[in-house]
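Dock chain S against chain A, hints included.
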Amino acid sequence: MIRFEPRTERDGLWTAASFAMAVVAGLAVSALLLASTGADVGQVFAALVQGAAGSPKALATTLVKATPIILAGLATVIAFRAQLWSIGQEGQVFAGAMGGYLGGQVLAGMPPLLFFPGVLAFGMAAGMALGWLAAQLRNRFGVNEIISTVMLNYLVIYLLSWLLQGGPWGENGATISYQQSPMLPEEAFLPALFGSNRLHAGVLLPFLAAALCAVVISRTPLGYEIRGLGYNPEALRHKGVNIARTVTIVMMASGALAALAGATELFGVAHRLRADNLIGLGYAGIIVGMIGGLRPLGTVVAGLFFGGLASGAVYMRVLGDVPASLVPAIQGITLFFFLCAGVLARYRVVRVAFQ
Amino acid sequence: MNQLFQEAIIVSILAATMRTMTPLLFSAMGELITQRAGIWNMGVEGTMLTGSFAAYIAATTTGSLWLAVLAAIVAGALMGAIIAFMTATLRVDHFIAGLGLNLLAGGLTLYWFQSYIQGRAQPTFSGFQDVAIPLLSDISVIGPILFSQRALTYVALLTVPLVWFLLYRSRYGLELRCLGENPKALDVKGLSVTARQFAAVMIGSALTGLGGGFLMLGFSDRFLADFTAGRGWIVIVALIAGNWKPKGVLVTVIAFAFLEALATHLQVLGAPVPHQLLLALPYLASIGLLMGVRFRSGQPTRLGIPYKRE
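Taken in sequence, the protein lines are chains A and S. Going letter by letter, the first sequence gives residues 1 to 355 in the working numbering. Going letter by letter, the second sequence gives residues 356 to 665 in the working numbering.
None of these hints come from the bench; they were simulated from the model. Be aware that one or more of the hints could be misleading.
A short list of chain A residues far from chain S (calculated; beta carbon distances all over 12 angstroms) [claimed, not checked]: (1) Thr15; (2) Val106; (3) Ala125; (4) Glu187; (5) Ala201; (6) Thr248; (7) Arg348.
With beta-carbon atoms standing in for the labels, derived distance ranges [what the hints assert, rightly or not]: (8) A/Leu208 / S/Phe440: 35 to 43 angstroms; (9) S/Pro516 / A/Arg245: 46 to 54 angstroms; (10) S/Gly643 / A/Leu208: 34 to 42 angstroms; (11) S/Ser481 / A/Tyr347: 49 to 57 angstroms; (12) A/Val350 / S/Phe574: 47 to 55 angstroms; (13) A/Ala16 / S/Gly653: 39 to 47 angstroms; (14) A/Pro112 / S/Leu579: 40 to 48 angstroms; (15) A/Arg245 / S/Arg532: 33 to 41 angstroms; (16) S/Ile472 / A/Gly54: 28 to 36 angstroms; (17) A/Arg317 / S/Val510: 36 to 44 angstroms.
Cβ coordinates follow ideal geometry from the N, Cα and C atoms, glycine included.
If we strip away everything but chain A, and leave its shape as in the complex, we get:
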């Protein structure tokens, strides 16, 4: 017989083994899911790998797909490390694209060195405003941030729907089924790297942002407060830290990161404002942040993995008839096993003799 006993100390090898088991279990259940709909499991997995990393073009797509997910994931890391369960990333991604689009109109004609930082700042400001709002609702009115951010997500999505249909930003002649803005002018496209038109310069942002997050969390007073808020807010209060102020800063930083994802997606990939490109990015970010163990580096790794999956899904759809929503399904399944593995890593398995 075996028994589970809590560990007093973490064991690196056992932790790694737990998460490796989670990956295997996640893949196995995903295979079962595929089989449940009659798909050829081997063929689908081969297509996914081929589409994720099979060619330079596939790798470029993987990076592009991973970019917004990692940014939204870092937004999750900052908030969740402080035990602020914001799920406003979804709405903040939308806000980032909307703010960026507004910035694009205001700053049109500026030289690129001013234009691109400018529009990204516009986008981030919109995300920060949403984060600020949720923080105020929590600080002043005691509104749980999970619920307020969900409600704000819906409000932002309806706002975009109005802006594009009935409001000022719709494409002329757009109908209900075709909600989008006109195409951006070509000089507003994020410049391409290596002359490849697929790989826009925005793919560098997640890596810079992850490095920044890692430094802030582990090496700055703010990072200390973030971690403290997660471990023991009471102790932090007794040290004289203004909790409400920290909550506001964290929510705004988280909002800015998620919004950056939306703005990058607008200027780098979609080149026009529409919901189709943005839906689900925030939720994917939440999954990636949690699977990444709420660490910046882990989030980058998980984000690249799911970016690869998303890129592979594009390729897979060209080949066969497996729906693209396979990706969020695999994400949800993997997240579930990672949550279990996180618990398993804290236990040791002991063999006990029958008595």
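Chain S in isolation, oriented as in the chain A frame:
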């Protein structure tokens, strides 16, 4: 003539309120059972969505609406088992477990749905029709509002006194409330906390799934992505605003349903405001409601705190 028209509209809005209330009420009563047992289940949205999806699949494959109801209940209970396993057995943070469930349910249902309709026209079904209660439904004004509704609407209204009785007048309810207030007392008596939380979450989630099922069978003829559109979160708001009491939750749910019915009617009548603003009303109201509600006296003391034997 004008007055007749106005009266007809008011009757129609109130009748729609009753119908709109039904799924919210099932799910809210389910979540009330779950939360009174100390599990802060944030997975209501995912549970309702799965219930809706299961009902859709069952209705379109078997053609039987009552089998579809059963499918929604079973799907809800399964979701409850996952939440219970994560929170009561593994003691994962309740918020994390609920969020995880929502993301899992969203991904799985969408994948199965797209696979189901792949390469063909989306199958539809015809949902529940009104059941007019003889004599009573002929009363003017009150008749069409109260006595000419879907059968499950009457059942939903019945769950309120039933849940009240279960919570406050039965031995099981005493134990259940104890799970939320002082689980140690049960443990000391040698009664299993985990097993009871499992039972409570599964029963509660079965009701929540039924709410999602009715949303499908009473309002629609097909499934769509994000079908539940945040109603699971409205249910959580209703619980907080209703101070975790059956009557308070009922009142809040009716208020939300009235708002939604009003918004739909304004939209149809062509009110001079963007329809997005009308659709956004319940979410705006949720934030406003939570800002106003300051009393939390009914919140179970141990809500959301995993029980650990020290």
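Going through the hints against the structure:
Listed as a non-interface residue, A/Thr15 keeps its Cβ farther than 12 angstroms from every Cβ of chain S; the least gap is roughly 16 angstroms. With a closest Cβ-Cβ approach of about 24 angstroms to chain S, A/Val106 is found to remain outside the 12 angstroms limit, as its non-interface label requires. Non-interface status of A/Ala125 relative to chain S is upheld: no Cβ of that chain comes within 12 angstroms, the nearest being about 21 angstroms off. With a closest Cβ-Cβ approach of about 32 angstroms to chain S, A/Glu187 is found to remain outside the 12 angstroms limit, as its non-interface label requires.
Distance check for A/Ala201 against chain S: the nearest CB is about 30 angstroms away, which clears 12 angstroms, and the non-interface claim stands. Non-interface status of A/Thr248 relative to chain S is upheld: no Cβ of that chain comes within 12 angstroms, the nearest being about 17 angstroms off. A/Arg348, annotated as away from the interface, keeps every beta carbon of chain S farther than 12 angstroms; the closest lies near 16 angstroms. A beta carbon spacing of about 40 angstroms between A/Leu208 and S/Phe440 agrees with the range 35 to 43 angstroms that was offered as a hint.
Checked against the hint of 46 to 54 angstroms, the pair S/Pro516 and A/Arg245 passes, with Cβ atoms roughly 47 angstroms apart. Taking 34 to 42 angstroms as the suggested C-beta distance range, the pair S/Gly643 and A/Leu208 conforms, at roughly 39 angstroms. Taking the beta carbon of each, S/Ser481 and A/Tyr347 are about 52 angstroms apart, inside 49 to 57 angstroms as hinted. Roughly 53 angstroms separates the CB atoms of A/Val350 and S/Phe574, a value that falls within the hinted 47 to 55 angstroms.
At roughly 45 angstroms, the beta carbons of A/Ala16 and S/Gly653 sit within the given window of 39 to 47 angstroms. At about 41 angstroms, the beta-carbon gap between A/Pro112 and S/Leu579 stays in the expected band of 40 to 48 angstroms. Checking the proposed 33 to 41 angstroms range against A/Arg245 and S/Arg532 shows it holds: the Cβ atoms sit about 38 angstroms from each other. In this structure the supplied range 28 to 36 angstroms holds for S/Ile472 paired with A/Gly54, their Cβ-Cβ distance being about 30 angstroms.
Between A/Arg317 and S/Val510 the Cβ separation comes to about 43 angstroms, which falls inside the hinted range of 36 to 44 angstroms.
Checked against the numbered hints above, the structure breaks none of them.
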